[in-house]
Amino acid sequence: MPTQISPLSVRRCILIRATPERIWKEFQSLERMQKWFGTGHSLVAFEPRVGARVETDAGSHVDGEGLRFVGNVTVFDPPRELTFEQDWVGHGWSLPALVTIRLTPHDSGTLVELFHHGFERLGGDPAENHRGFEGGWTIRQLEALRQIVEA
Amino acid sequence: MEAVKSVLVVRRSIFIDAAPERVWDEFTTFDRMNRWWGAIAGDPVAGEANGQRLVSFEPRERAPIQMEVGSGDGAKLRYRGRIDVFDAGRELTFSSDWIPNQGWLAPTRMMVRLSGALGGTVVEILHHGFEQTGGNAGEEFTRYEAGWGMLQLTALRDLVRGQATVAA
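Sequence order for the protein chains is A and B.
For the first sequence, the numbering used here gives the first residue as 1, with consecutive numbering after it.
For the second sequence, the numbering used here gives the first residue as 1, with consecutive numbering after it.
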């Protein structure tokens, strides 16, 4: 069952000229994931299975706070959805946010959507967390995925 | 309320700690719209997330709306449309195409949607309808997905909060 996207969500999207099955190959190992999802930040840990640990590291915030995020894969549904938790290490969130990457066939290609969501459950100031990430996400990762697949 | 039939949708969103009716107050005159929809940071340039100038706007359906950005080489680029939905407290939707037309077969659609949630309002900008433009809709969509930022929505939030932090 697809993960439900919460109201406080960030969405970035791209259309790739390939089937979902072809694109999903880039989800199947740490090394392949690093080439696209690991751009803009480091993808430190990933395994293509439910329960596996995912870790990203984006260096440090302007105030010096580390930007390391950890969580477990909650959905690994080839070639439709990857969802994993994303807890900001040391930031005191009550529960982790979620990252969902969804593949949907569209017009002989595939729509790839990246959602960062679940900000309602973090505690603290969910709106400010949501606004911060809405301002921070680009399509860098999705563009890298497109270039790999369409090369 | 207009349904978003398009799949190629750019979405930016913000949560504002106020009722939709209060947020909508900022949609009800040219001057109020200009303070957030026309918010700029420096000289606005097409494809960059530093805003747009609001040239014309009237708070009613079938009214024209027009915006302007720079081309990056000193020229000005304008785009315009017609307001198709002006549904107080819920939705503003208008068409958007370049002046002069740059080859799009049909204009894109711009929706600003307000939804009551979590004791406040989620405001979404949904720029969609790229499938109708002809040519390589995917490439066209990607340019806009990369170009939209949070300037307008942050300015709207600050206005509702009583803080005007972004120059218009």
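No lab work stands behind these hints, which were simulated from the structure alone.
Check before you lean on any hint, since a few could be wrong.
[What the hints assert, rightly or not] Cβ-to-Cβ under 7 angstroms is the rule here; a few derived chain A residues that face chain B:
#1 Gln-4
#2 Arg-49
#3 Arg-53
#4 Pro-105
[Claimed, not checked] Derived pair list, reagent style DSBU-like, types lysine-lysine, alpha-carbon separation capped at 35 angstroms:
#5 Lys-35(A) with Lys-76(B)
#6 Lys-35(A) with Lys-25(A)
#7 Lys-5(B) with Lys-76(B)
#8 Lys-76(B) with Lys-25(A)
[As the list claims (entries may be wrong)] Now the stretches of chain A that chain B is said to cover, found in silico as 3 or more residues with beta-carbon under 8 angstroms:
#9 18 to 27
#10 57 to 70
#11 74 to 80
Where a beta carbon is used, it is the ideal one built from N, C-alpha and C, also for glycine.
Okay, the hints, checked on the actual structure:
no.: 1; hint: Gln-4; result: violated (14 angstroms)
no.: 2; hint: Arg-49; result: violated (30 angstroms)
no.: 3; hint: Arg-53; result: violated (29 angstroms)
no.: 4; hint: Pro-105; result: violated (10 angstroms)
no.: 5; hint: Lys-35(A) with Lys-76(B); result: violated (39 angstroms)
no.: 6; hint: Lys-35(A) with Lys-25(A); result: holds (12 angstroms)
no.: 7; hint: Lys-5(B) with Lys-76(B); result: holds (31 angstroms)
no.: 8; hint: Lys-76(B) with Lys-25(A); result: violated (44 angstroms)
no.: 9; hint: 18 to 27; result: violated (count 0)
no.: 10; hint: 57 to 70; result: violated (count 0)
no.: 11; hint: 74 to 80; result: violated (count 0)
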